[in-house]
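Using the sequences and the hints, build the whole thing.
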Amino acid sequence: AQSVTQLDSQVPVFEEAPVELRCNYSSSVSVYLFWYVQYPNQGLQLLLKYLSGSTLVKGINGFEAEFNKSQTSFHLRKPSVHISDTAEYFCAVSDLARGTYKYIFGTGTRLKVLA
Amino acid sequence: DTGVSQDPRHKITKRGQNVTFRCDPISEHNRLYWYRQTLGQGPEFLTYFQNEAQLEKSRLLSDRFSAERPKGSFSTLEIQRTEQGDSAMYLCASSSTGDEQYFGPGTRLTVT
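Going down the list, the sequences are from chains A and B. Quick note: the first sequence uses the working numbering, first residue 1, plus one each step. Quick note: the second sequence uses the working numbering, first residue 1001, plus one each step.
Think of the hints as simulated: they come from the structure by calculation, not from any bench. This structure is a prediction, so every number in the text was calculated from the model and none was measured. No residue lacks a Cβ here, since even glycine has one placed at the ideal position from N, Cα and C. Warning: the hint list may mix true and false statements.
Just a few of them, taken from the derived set where beta-carbon distance is under 8 Å, the chain B residues facing chain A [to be verified]: (1) Tyr1033; (2) Pro1043; (3) Tyr1048; (4) Asn1051; (5) Phe1065; (6) Ala1067; (7) Ser1087; (8) Asp1099; (9) Gln1101.
Okay, the calculated bits of chain A under chain B, using three or more residues with CB under 8 Å as the criterion [stated by the list, open to error]: (10) 32-43; (11) 46-56; (12) 99-113.
This is how it looks when you write it as structure tokens:
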């Protein structure tokens, strides 16, 4: 079964520093990949998605991610973070083979931006 | 397009009571999903509807849980005889093409 691993449960980083949040998934069969952000007591907001094509995906708020099929990874990066980026970030995989396109989520990474 | 809405946003109930949550998807989205998120975890898939048909249910969805989507529009998730372990955020999402899901704000359930 498909699984998603977010190795870092918490990432503290100073404001204006770069950050990388790591995501690995278990299967290299056809998948869609997503990063979502969740602010306290709110739902999930899509940051970016990889469906096909260019392996470098740009999203909202200056975030980008790179799809690496050989390493089954989809790491999220931002060159300069702001205090407002403090939130929980979830990586998700949609297994195309199943037809339902349901998401399998990682356990999340809490990004804390320090002043 | 007003987004996905969920009602109520918060629900506190006593163990053993029944609760029902409602999700209104984005209009014309034929795919609807329910997820459950417990503290410190990522959301976990519960069930999936395509139009009014419930096509997949997770093993997490015990027989105390039932979901419906009459007429392929809004959906309800009912939990009977609630237990403290049911305390979680229940998220609804909808999609038209399957390549992106739009999430509602969630219903936070607390079972005392």
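Here is what the structure says about each hint:
1. Proximity of Tyr1033(B) to chain A holds as hinted, the smallest CB-CB distance being about 6 Å (cut-off 8 Å).
2. Against a cut-off of 8 Å between C-beta atoms, the interface hint on Pro1043(B) holds, since the closest Cβ of chain A lies about 5 Å away.
3. Given hint, Tyr1048(B) at the interface with chain A, holds; its Cβ is 5 Å from that chain's nearest Cβ, closer than 8 Å.
4. About 13 Å separates the beta-carbon of Asn1051(B) from the nearest beta-carbon of chain A, more than 8 Å, and the hint is not met.
5. For Phe1065(B), the interface hint is violated, since its Cβ never comes within 8 Å of a Cβ in chain A; the closest pair sits about 16 Å apart.
6. For Ala1067(B), the interface hint is violated, since its Cβ never comes within 8 Å of a Cβ in chain A; the closest pair sits about 14 Å apart.
7. With a cut of 8 Å, the hint placing Ser1087(B) at the interface with chain A is violated, because the nearest CB-to-CB distance is about 15 Å.
8. A least Cβ separation of about 5 Å between Asp1099(B) and chain A falls short of the 8 Å threshold, and the interface hint therefore holds.
9. The interface hint given for Gln1101(B) holds, since its Cβ lies 7 Å from the closest Cβ of chain A, which is under the 8 Å cut-off.
10. Beta-carbon proximity to chain B at under 8 Å applies to 6 residues in the segment 32-43 of chain A; the threshold of 3 is reached and the given coverage holds.
11. Counting residues of the segment 46-56 of chain A whose C-beta lies closer than 8 Å to any C-beta of chain B gives 3; at least three are required, and the coverage claim holds.
12. Closer than 8 Å: that is the beta-carbon criterion, and the segment 99-113 of chain A has 9 residues meeting it against chain B, so the requirement of 3 holds.
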